[in-house]
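**Q** Listed here are the chains, written in short residue letters.
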Amino acid sequence: MRPIQRLRDVARESWTSAWAAPVSTLLTMAMVAGMCAAVLLTSGRTVGAQQAVLTTIESSSSRAIAVRVDPTAGLRPDVLARVNRLGGVEWAGAFGSATDVRNGAFDGAGTPVALRLAWSDDWTALGVEEPGAGDVAVASVAALEQLGITGGAGSALTADGVAYAIVGPMDVPGQLQGMEPLLLAPQPTEGSEGSSITLLVVVATTAAGVAPLAAAVPGVLGVADPSKVAVSTSPDLTSLRDLVAGQLGAFGRGLTLAVLGLSAVLVAVIGCGVVMMRRKDFGRRRALGASQSLIVGLLLAQTAWCAVLGAGAGSAAALLTLAVSGDPLPGWTYTTGLAILATATAVAAGVLPALIAARRQPIVELRVP
Amino acid sequence: MTPLLAADELSFRYEPRAPLLEGWSATFDAGEVVAVTGPSGSGKSTLLYLLGLMLRPTGGHVVVEGEPVDQLPDRGRAHLRAHRFGFVFQDAALDPTRSVADNILETVLYRGDSRAVSRARARELMEAMGVAVRAEAKPGQVSGGQAQRIALCRALLGDPRIVLADEPTGNLDLASADVVISALRTQADRGAAVVVVTHDPAVVARCDRGVAL
Chain L
1 MRPIQRLRDV
11 ARESWTSAWA
21 APVSTLLTMA
31 MVAGMCAAVL
41 LTSGRTVGAQ
51 QAVLTTIESS
61 SSRAIAVRVD
71 PTAGLRPDVL
81 ARVNRLGGVE
91 WAGAFGSATD
101 VRNGAFDGAG
111 TPVALRLAWS
121 DDWTALGVEE
131 PGAGDVAVAS
141 VAALEQLGIT
151 GGAGSALTAD
161 GVAYAIVGPM
171 DVPGQLQGME
181 PLLLAPQPTE
191 GSEGSSITLL
201 VVVATTAAGV
211 APLAAAVPGV
221 LGVADPSKVA
231 VSTSPDLTSL
241 RDLVAGQLGA
251 FGRGLTLAVL
261 GLSAVLVAVI
271 GCGVVMMRRK
281 DFGRRRALGA
291 SQSLIVGLLL
301 AQTAWCAVLG
311 AGAGSAAALL
321 TLAVSGDPLP
331 GWTYTTGLAI
341 LATATAVAAG
351 VLPALIAARR
361 QPIVELRVP
Chain H
1 MTPLLAADEL
11 SFRYEPRAPL
21 LEGWSATFDA
31 GEVVAVTGPS
41 GSGKSTLLYL
51 LGLMLRPTGG
61 HVVVEGEPVD
71 QLPDRGRAHL
81 RAHRFGFVFQ
91 DAALDPTRSV
101 ADNILETVLY
111 RGDSRAVSRA
121 RARELMEAMG
131 VAVRAEAKPG
141 QVSGGQAQRI
151 ALCRALLGDP
161 RIVLADEPTG
171 NLDLASADVV
181 ISALRTQADR
191 GAAVVVVTHD
201 PAVVARCDRG
211 VAL
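Residue numbers (this note's numbering), protein chains in the order written: chain L, 1 to 369; chain H, 1 to 213.
Chain L extracted, bound-state conformation (with noise of 0.2 Å):
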């Protein structure tokens, strides 16, 4: 016989004695949907929050490095070049001083808004085309009410007189919320001999990745007085994010084992009480020409298909509730893993009941009354 047609008898006859003993077969499905339920109620509750605080924590804003640079320190556009080469950058954008502009046609006067001339080798990330001669500036949404520009489109002057045609409104990245209202003025790398830059913004591509980076920045800008350079990072969200997945997934970790534990240990319980109530069964069975292994191997299949019967079903009820309760889900990375683990969990326990059953005498066990 084939082994695949070896494989489907033994589990056609391991499910047919599970529903043969409904109440055993019952008890474990109960032991295993408990224990998924029991860990997705809880660490899985835990992971489900841990993954939204560190989706949250891993956000473009909280792996910026902002560079800021003395305009004496004469530091070119130029520099995105080799900042781009260093391992382990997401974007980075170079920004010159701030330069007050106010609406073209208020003739001088209205709310005067930053605006900056800024290079970037990627301007899609912002959402703004590539720059053409320069003299566009893209606002954002609280730019444009400062102008008091209507429509997404106008113009703006600065104190000498230089005019910037102004369309928005753009969608502020995170790495740059902290320049609002965001004014931009983007220019061509070429040709930028003559900018200087004052402010660099550098998004590390992992939280994990910030602090190399920003320790790494510095010497690719070849600014000779370090003084002149202040590199400011998340420090904080960093040390937050390593904290979150650290302490919260040693409790989830923890808690997960303590469950599977528990339940390993009452699905043995079971085995050893469906062993000695079928222990006529067993015997026939050995007695017919069944081998140990044949009878470890129904046994242990019995008890997957109690488990995954189990676990699909607590899963599916610990899920239900915390949907229904508005709590994070935690996933379907985290549920599936969960249930192998405990339907892997389950079988192992099943070893030690499968193991005695197939040990025993055919002859004594018939001879059970």
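Think of the hints as simulated: they come from the structure by calculation, not from any bench. Here the structure is a predicted model, which means the values were calculated and not measured. The C-beta atom is built at its ideal place from N, Cα and C for all residues, glycine as well. Hints are all accurate, no fakes.
Restraint-style ranges between C-beta atoms, simulated for each label pair:
hint, chain 1, residue 1, chain 2, residue 2, range
1, L, Trp19, H, Arg123, 19 to 29 Å
2, L, Leu257, H, Arg13, 45 to 55 Å
3, L, Ala317, H, Arg190, 51 to 61 Å
Once you've looked at the hints, dock chain H against the given chain L.
**A** Only chain H this time, still in chain L's reference frame:
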């Protein structure tokens, strides 16, 4: 000619100071039905379990087709039980949770045979034993005589070369006993060695020979 089954100086004791069998020898040839008789407690059933490789002898050997097999590892003995032997237990030993048909087909899994192919043979046996109409009934719903005939169907399904039957007619009426003995006789005629433990003189009379314990 090498006997299909032999006991060679077979000894067994459940307790150290109470030997049940001491140096017992016998041969069982293909085509014959042998009755094992003796008073209660003389070890008839134990002898059958020893010959059926369900117990290990404390001395001597069980020999199948010339090969001592009692010291084989579990897998080897289970393989022989599944492929060479057919057992009929005193109390039928059916699974009360399964249908009659499923009980008869139980050993298919242990032999690794095709269930679909075995179904036809099971049907033939059930018809021959007069239990085909109860195929979907549970063992608790059939009479003692029918249960014993069902157990015989299960024993004969794999066309075993050796059939061991422990009091197969013990609780049966004459008609049922006749069906059982006839079926055992037919299996012997197909080339099997059949060993029957019995108290019943009528059964002994229909066997080829008797062995007393």
